[in-house]
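Asker: For the protein sequence lines, the chains are A and B, in the order given. For the record, in the first sequence the residue sitting at position 220 is 220 according to this note's numbering, with numbers rising by one throughout. For the record, in the second sequence the residue sitting at position 312 is 312 according to this note's numbering, with numbers rising by one throughout.
Source of the hints: derived by calculation from the structure; they are not laboratory data. Careful, some of the hints might be misleading.
[Unchecked claim] Straight-line alpha carbon distances no greater than 20 Å define the calculated EDC-like cross-link-like pairs of lysine to aspartate or glutamate that follow: (1) A:165 x B:178; (2) A:224 x B:286; (3) A:143 x A:105; (4) B:285 x A:233; (5) A:106 x A:66; (6) B:67 x A:162; (7) A:143 x A:177; (8) B:309 x B:286; (9) A:220 x B:288; (10) B:67 x B:79; (11) B:193 x A:162; (12) A:224 x B:302; (13) A:143 x A:162; (14) B:285 x A:229; (15) B:210 x B:305; (16) B:278 x A:241; (17) B:16 x A:158; (18) B:50 x B:27; (19) A:243 x B:198; (20) B:318 x B:223; (21) B:67 x A:158; (22) A:104 x B:178; (23) A:243 x B:200; (24) B:309 x A:233; (25) B:193 x B:223; (26) A:243 x B:312; (27) B:278 x A:215; (28) B:67 x B:178; (29) B:315 x B:305; (30) A:161 x A:177; (31) B:16 x B:223; (32) B:315 x A:233; (33) A:220 x A:201; (34) A:161 x B:302; (35) B:13 x B:58.
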Amino acid sequence: MKILVCISVVPDTTTKITFTDNNTKFNTAGVQFIINPYDELALTRALELTEAQGGTVTAITVGLPDADANIRKALAIGAHDAVRINAEPKDAYFVAAEIAAYAKDKGFDLVLTGRESIDYNGGLVCGILGEMLGLPSVNIVTKIDVNGNEATLIRDIDGGKETVKVALPFVASAQKELTEPRIPNMRGIMAARTKPLAVVEASANKNTAAYNAFELPAPKAGCKMISADNAAELINLLHAEAKVI
Amino acid sequence: MAVLVFAESVDGKFKKSTLEAVSYAKETANLLGTKTIAVSIGNVAEADAKALGNYGAETVYNAPLDKFSPEAFASIIADVAKTENAQVVVFSNNYAGKSITPLVAVKLEAGVASGVVALPNTSAGFSVRKSVFSGKAFADVQLTTPVKVVAITPNSYQVNNNGGEAAVVNYTVNLGNDAWRTQIVETNRVTGKIPLTEAELVVSAGRGLKGPENWTMIEELAEILGAATACSKPVSDMHWRPHEEHVGQTGITIKPNLYIAIGISGAIQHLAGVSSSKVIVAINKDPEAPFFKAADYGIVGDAFEVVPKLIDAAKQLKASSH
Ligand SMILES: Cc1cc2nc3c(=O)[nH]c(=O)nc-3n(C[C@H](O)[C@H](O)[C@H](O)COP(=O)(O)OP(=O)(O)OC[C@H]3O[C@@H](n4cnc5c(N)ncnc54)[C@H](O)[C@@H]3O)c2cc1C
Ligand SMILES: Nc1ncnc2c1ncn2[C@@H]1O[C@H](COP(=O)(O)O)[C@@H](O)[C@H]1O
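Required output: the full structure, derived from the provided sequences and hints.
Answerer: In structure tokens:
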């Protein structure tokens, strides 16, 4: 089984978000970058599947050289080889078009992404990739089992869950509960140094969107405190003052 | 030219998120000086399809279909978009919307933005505001393609009911086998519970509750208020609550009118997912809990004493308003 896992490099979840250049650029000063948490789950599930059934896992990222540390981390966790498409990841359409251009003739049986990147929160790459590659896409899955040429997945739907069956190849996006993420060990880190990391230039160049400006939410005016002895007053305030209940 | 909107239904009935999306599409059509066309797929009666006119749809394409697949729905929507020469296609960014939106964007070679929280700015091109960094910030995204696809966050646009009746076009569904490559084996929808992603009111609790057995009072408060329940990450990690209740940067991002946080400290990753809620209440026994800095109302106190009082007060309020 040949699996491609799409890795997005994102700011650590504890990052306090700020902007520079008159609120037109994300301020990366002092920011620690990590593998998007959902992509770690996708990678781990891919490794579990190939360990049980044979095959290889390729990690791919669309990014500039500063993404190399994290794509090496994907190799340390266990990916067999890695690809970096050398371009600034502008938005989901751009990213998916580059990955599709790379993947289309390579015969992957499974292409996995995360359910969304925790920076731009598109949640779009999985579906765009599926459509561009002419494959079905199963979004936001908490289970992927492969049996021969067919897979059983569980996806989140509004207010519940749905079990689906689909023949390989297909694209799916990882949701929490798919598996537990793996941490690289010393052997993995050593091995990663000699694993292949191919750098390829962007070829699709689909520019459909531009991020022009950013804004932080307005700060709260202040918290009105209610004494615990008089907790019932909260319900009155929510009804009469805030008018939300 | 037209603004097209996907009108999602469950068991033949339109959802509130659908009415929001139709209202949003109508206002966008006004900005662009064009008409609003809805695409309904499922088992919607003609009278219900007509009633979408109340929210601004001039025409409703009604496509009968008894199964769901993102590929099938995307094919129908893209087909109508092409027939009507749509400039903008609007979705709700719920789970169904999330699975269909990207497919339609590719079929129409359209720039796409999801998690949109406000009407487009059409003064120079077409730009929409969306949440980024899981709710820690907003971005203005310019879509530069002739056709644009936007998916709006549930509960971020009001439902406008101005009366009216839509013309209904019966759409003949004609799909290839490719539309059904994903086959549904089983659907489990929790009935009688408000899905968290679309809830207007949310009661949420964290590790301060000590154990899963103590959620009875959380569920009771939620039920009286008509709210959905949510939780912090450690609570779902420990399986005290199902993972779909986990809100925050690595859970879901929500934007209800009211978010009540009980025994949750207010870590940055948690706040990311809930800070765009209109009104936030924090209940915590620690006066230094960071949540109070993000809240509109706060009670310093023990949840096991405070919540029962809230339940009584909420019961009284509901009784007096009936
Ligand atoms: C990569 C990463 C991603 C993360 N993503 C998320 C996320 O998406 N969502 C999320 O929620 N967290 C996330 N976290 C975890 C986050 O950092 C916090 O650890 C978590 O939110 C804490 O949950 P909590 O507030 O329930 O528990 P705690 O921090 O343990 O807080 C419990 C609170 O309850 C109060 N309390 C205790 N007893 C009572 C009582 N009897 N009455 C009233 N109050 C009481 C305490 O004062 C305390 O403030 C993430 C962490 C990491 C590292
Ligand atoms: N720059 C990127 N390179 C590779 N994969 C990416 C990139 N950005 C996003 N992805 C993948 O697409 C998923 C969803 O991203 P998004 O649609 O941007 O929310 C992520 O979880 C990744 O698996």
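Asker: Now, for every hint given, state plainly whether the structure supports it.
Answerer: Taking the hints in turn, this is what the structure says about them:
1. A:165 x B:178: Within the cut-off at roughly 14 Å; holds.
2. A:224 x B:286: Given pair residue 224 (chain A), residue 286 (chain B) holds - Cα atoms ~16 Å apart, limit 20 Å.
3. A:143 x A:105: With Cα atoms ~27 Å apart, residue 143 (chain A) and residue 105 (chain A) exceed 20 Å; violated.
4. B:285 x A:233: holds (18 Å)
5. A:106 x A:66: Not satisfied, since the Cα-Cα distance of roughly 26 Å exceeds 20 Å.
6. B:67 x A:162: The given pair, whose Cα atoms are some 13 Å apart, holds under the 20 Å limit.
7. A:143 x A:177: holds (8 Å)
8. B:309 x B:286: holds (19 Å)
9. A:220 x B:288: The hint holds at about 17 Å.
10. B:67 x B:79: Measuring from Cα to Cα gives roughly 18 Å; hence the hint holds.
11. B:193 x A:162: Holds, because 17 Å separates the two Cα atoms, which is no more than 20 Å.
12. A:224 x B:302: holds (18 Å)
13. A:143 x A:162: holds (11 Å)
14. B:285 x A:229: The given pair, whose Cα atoms are some 13 Å apart, holds under the 20 Å limit.
15. B:210 x B:305: With Cα atoms ~14 Å apart, residue 210 (chain B) and residue 305 (chain B) stay inside 20 Å; holds.
16. B:278 x A:241: Between residue 278 (chain B) and residue 241 (chain A) the Cα gap is close to 13 Å, so the pair holds against 20 Å.
17. B:16 x A:158: Given pair residue 16 (chain B), residue 158 (chain A) holds - Cα atoms ~13 Å apart, limit 20 Å.
18. B:50 x B:27: Roughly 19 Å between the alpha carbons, so the hint for residue 50 (chain B) and residue 27 (chain B) holds.
19. A:243 x B:198: holds (19 Å)
20. B:318 x B:223: holds (11 Å)
21. B:67 x A:158: holds (15 Å)
22. A:104 x B:178: Satisfied, since the Cα-Cα distance of roughly 18 Å is no more than 20 Å.
23. A:243 x B:200: At roughly 12 Å apart (the allowed maximum being 20 Å), residue 200 (chain B) and residue 243 (chain A) satisfy the hint.
24. B:309 x A:233: holds (10 Å)
25. B:193 x B:223: Given pair residue 193 (chain B), residue 223 (chain B) holds - Cα atoms ~9 Å apart, limit 20 Å.
26. A:243 x B:312: holds (19 Å)
27. B:278 x A:215: Holds - the C-alpha atoms of residue 215 (chain A) and residue 278 (chain B) are around 17 Å apart, at most 20 Å.
28. B:67 x B:178: Given pair residue 67 (chain B), residue 178 (chain B) holds - Cα atoms ~14 Å apart, limit 20 Å.
29. B:315 x B:305: With a Cα-Cα distance of about 16 Å, the restraint between residue 315 (chain B) and residue 305 (chain B) holds, given a limit of 20 Å.
30. A:161 x A:177: Distance ~13 Å between residue 161 (chain A) and residue 177 (chain A) Cα, so the pair holds.
31. B:16 x B:223: holds (19 Å)
32. B:315 x A:233: holds (13 Å)
33. A:220 x A:201: Violated: residue 220 (chain A) and residue 201 (chain A) sit about 45 Å apart, past 20 Å.
34. A:161 x B:302: Violated, at roughly 35 Å.
35. B:13 x B:58: holds (19 Å)
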